[in-house]
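Keeping their order, the protein sequence lines are chains A and B.
Residue 342 in my numbering sits at position 40 of the first sequence, with consecutive numbering throughout.
Residue 532 in my numbering sits at position 230 of the second sequence, with consecutive numbering throughout.
Derived from the structure by calculation, the hints contain no laboratory data.
Accuracy of the hints is not assured; some may be wrong.
As the list claims (entries may be wrong) - According to the in silico footprint, chain A covers these stretches of chain B (three or more CB under 8 Å from chain A):
no., segment
1, 399 to 405
2, 494 to 507
3, 513 to 523
To be verified - Heads up, simulated DSS-like pairs for lysine-lysine below, C-alpha to C-alpha not over 30 Å straight-line:
no., chain 1, residue 1, chain 2, residue 2
4, A, Lys563, A, Lys304
5, B, Lys353, A, Lys353
6, B, Lys374, A, Lys304
Keep in mind the model is a prediction, meaning the values are calculated, not measured.
Note that beta-carbon positions come from the ideal geometry of N, C-alpha and C, so glycine has one too.
Number of protein chains: 2
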Amino acid sequence: MKEYARGARGEGRVIGLVPTMGALHEGHTALVARARQECSHVIASVFVNPKQFGPKEDYKKYPRNLEKDAEKLAAVGVDALFAPETADVYPDGFRTYVSVEGISERLEGRSRPGHFRGVATVVLKLFEIVEPHFAYFGRKDAQQVRIISAMVHDLNLDTEIVVCPVVREADGLALSSRNAYLSAEERKAATVLHRALVAARSELSVGMRDALQLQTVMRRTIEAEPLATVDYAEIVSADTFEPMIRVAQLSYAVLAVFVGKTRLIDNLLIEPSPAGSQEFAFQL
Amino acid sequence: MKEYARGARGEGRVIGLVPTMGALHEGHTALVARARQECSHVIASVFVNPKQFGPKEDYKKYPRNLEKDAEKLAAVGVDALFAPETADVYPDGFRTYVSVEGISERLEGRSRPGHFRGVATVVLKLFEIVEPHFAYFGRKDAQQVRIISAMVHDLNLDTEIVVCPVVREADGLALSSRNAYLSAEERKAATVLHRALVAARSELSVGMRDALQLQTVMRRTIEAEPLATVDYAEIVSADTFEPMIRVAQLSYAVLAVFVGKTRLIDNLLIEPSPAGSQEFAFQL
Chain A
303 MKEYARGARG EGRVIGLVPT MGALHEGHTA LVARARQECS HVIASVFVNP KQFGPKEDYK
363 KYPRNLEKDA EKLAAVGVDA LFAPETADVY PDGFRTYVSV EGISERLEGR SRPGHFRGVA
423 TVVLKLFEIV EPHFAYFGRK DAQQVRIISA MVHDLNLDTE IVVCPVVREA DGLALSSRNA
483 YLSAEERKAA TVLHRALVAA RSELSVGMRD ALQLQTVMRR TIEAEPLATV DYAEIVSADT
543 FEPMIRVAQL SYAVLAVFVG KTRLIDNLLI EPSPAGSQEF AFQL
Chain B
303 MKEYARGARG EGRVIGLVPT MGALHEGHTA LVARARQECS HVIASVFVNP KQFGPKEDYK
363 KYPRNLEKDA EKLAAVGVDA LFAPETADVY PDGFRTYVSV EGISERLEGR SRPGHFRGVA
423 TVVLKLFEIV EPHFAYFGRK DAQQVRIISA MVHDLNLDTE IVVCPVVREA DGLALSSRNA
483 YLSAEERKAA TVLHRALVAA RSELSVGMRD ALQLQTVMRR TIEAEPLATV DYAEIVSADT
543 FEPMIRVAQL SYAVLAVFVG KTRLIDNLLI EPSPAGSQEF AFQL
């Protein structure tokens with residue numbers, strides 16, 4: 303892959319990388335479509351990264367279907383699929399890790415110790431192998447995107463991170479490979495994440511700024527759903543992912559919710575209006 | 303520097319990087335001379351890296367003389383000197399670190415917690431900025447070289463690490479910027495590291511293989527010197543830097559010794575003969 307990518311770069315191609323763990327859905331294909339628009343050469347990677355799963359997490363049962371993934375990628379139009387073996391990514395004696403301190407310890411990082419170290423390490427490796435000009439990530443994993451951007455900045459990498467909108471089902475559920483774990487009943491209940499974020503957005507748009515009140519709005523929505531359990535529901539700075547007291551800057555409402563045994567995440571991006579007015583813009 | 307190095311690469315130059323902390327001596331200029339032989343473009347960096355000093359270490363008093371360093375580099379022939387400001391290497395909010403687990407926790411790493419994390423992080427940054435084909439390091443810092451090689455391998459970097467021999471004074475003292483801290487009396491006593499390694503080599507060459515016995519030989523030599531205190535004196539695997547019981551593979555005799563308040567290190571490389579005989583080759 304190094305030689306292949308070097309060849310493409312040598313021919314003056316602009317390389318876009320779409321790193322994935324496979325089990326591709328329309329969220330992923332939207333990333334590829336965006337890369338296709340902006341780059342002359344698109345490489346997608348499929349690698350279920352063991353280093354970003356905790357010992358009690360779903361690494362073994364995480365959905366894998368490389369053949370189907372390859373078909374989907376061919377249909378949307380990639381130039382190459384990079385699907386390395388685990389033993390090639392992490393050969394015996396592997397021992398080098400990249401950590402982004404601070405942001406990595408909160409929210410997803412607190413619920414999933416070691417998760418972001420695994421993410422940062424594998425993403426850096428992919429960047430070293432492919433040396434993409436652009437790399438595409440979905441905003442559903444907002445904290446992951448922030449951590450990767452910090453890594454790129456801190457380590458003087460040449461890759462530009464492109465953040466793409468969340469792709470949702472008609473009823474609002476954010477697309478995720480883990481949605482496949484949901485029973486029919488849980489699938490209906492899973493819209494509770496979107497509903498909680500919509501409820502927070504409603505309150506924000508009529509002037510609620512207190513983070514604790516907004517959290518309560520989200521929690522109550524989730525607690526009203528019998529199949530759902532809140533892991534976290536917070537209003538955080540989009541820069542540091544530290545909790546906010548009042549919403550006044552670029553922020554996220556972030557949620558992690560167990561629906562049955564399946565852990566799902568979602569977020570609402572809260573953007574202050576440029577005029578400095580009390581108005582906000584929202585991205586779900 | 304990124305643009306400059308990219309330009310040189312674009313012209314087909316082979317780039318050699320010599321990373322230093324300045325206070326240059328003949329050990330450093332030997333690295334540059336080697337790079338000069340092997341590369342069409344030689345870049346030296348001078349950066350006293352705060353992240354590799356412990357809070358009680360000599361970061362503040364570490365010798366700095368950029369003008370003199372620049373003269374020495376010009377004399378031996380570099381194409382560029384990269385001497386970034388600390389605030390440019392570690393801007394506010396810097397939070398990404400590279401750790402090489404295992405090797406980093408022993409010997410130098412145990413005596414200097416966080417040291418190798420600082421080294422790996424700054425070296426990765428220099429590699430990302432310069433993207434050298436080759437990078438030159440001295441074997442005096444054997445554990446550092448091993449850690450950087452592991453990082454290059456694990457993170458799929460394109461830089462080849464070139465390890466250069468230890469440069470010594472006529473009386474055997476390994477060149478080090480920290481030798482400048484020594485009083486005249488300490489300077490004489492500082493030959494004890496070399497003497498201890500020579501003593502170990504003598505015993506090895508007449509058949510001593512037991513690591514504990516070899517350690518004792520080194521310790522006794524050092525303890526006989528009133529101004530010297532042993533920090534560690536060990537026989538370790540050249541691969542893992544774990545202690546050995548018997549010398550049977552590629553190994554180091556490694557020493558860290560306080561001479562007065564100045565901490566000095568040195569090592570002896572022990573290479574088994576290819577024939578599988580009982581003979582060893584040694585590099586001091």
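Verification of the hints:
For the segment 399 to 405 of chain B, the proposed coverage by chain A is satisfied: 7 residues have a C-beta within less than 8 Å of a C-beta in that chain, meeting the threshold of three. Counting residues of the segment 494 to 507 of chain B whose CB lies closer than 8 Å to any CB of chain A gives 0, which falls below the minimum of 3, so the coverage claim is violated. For the segment 513 to 523 of chain B, the stated coverage by chain A is not satisfied: 0 residues place a CB nearer than 8 Å to a CB of that chain, which falls below the threshold of 3. Restraint check for Lys563 of chain A and Lys304 of chain A: not satisfied, since their Cα atoms lie roughly 39 Å apart, outside the 30 Å limit.
About 26 Å separates the Cα atoms of Lys353 of chain B and Lys353 of chain A, which keeps this hinted pair within 30 Å; it holds. Of the supplied pair hints, the one linking Lys374 of chain B and Lys304 of chain A is violated, its CA atoms being roughly 37 Å apart against a limit of 30 Å.
When each numbered hint is compared with the structure, violations occur for hints 2, 3, 4 and 6.
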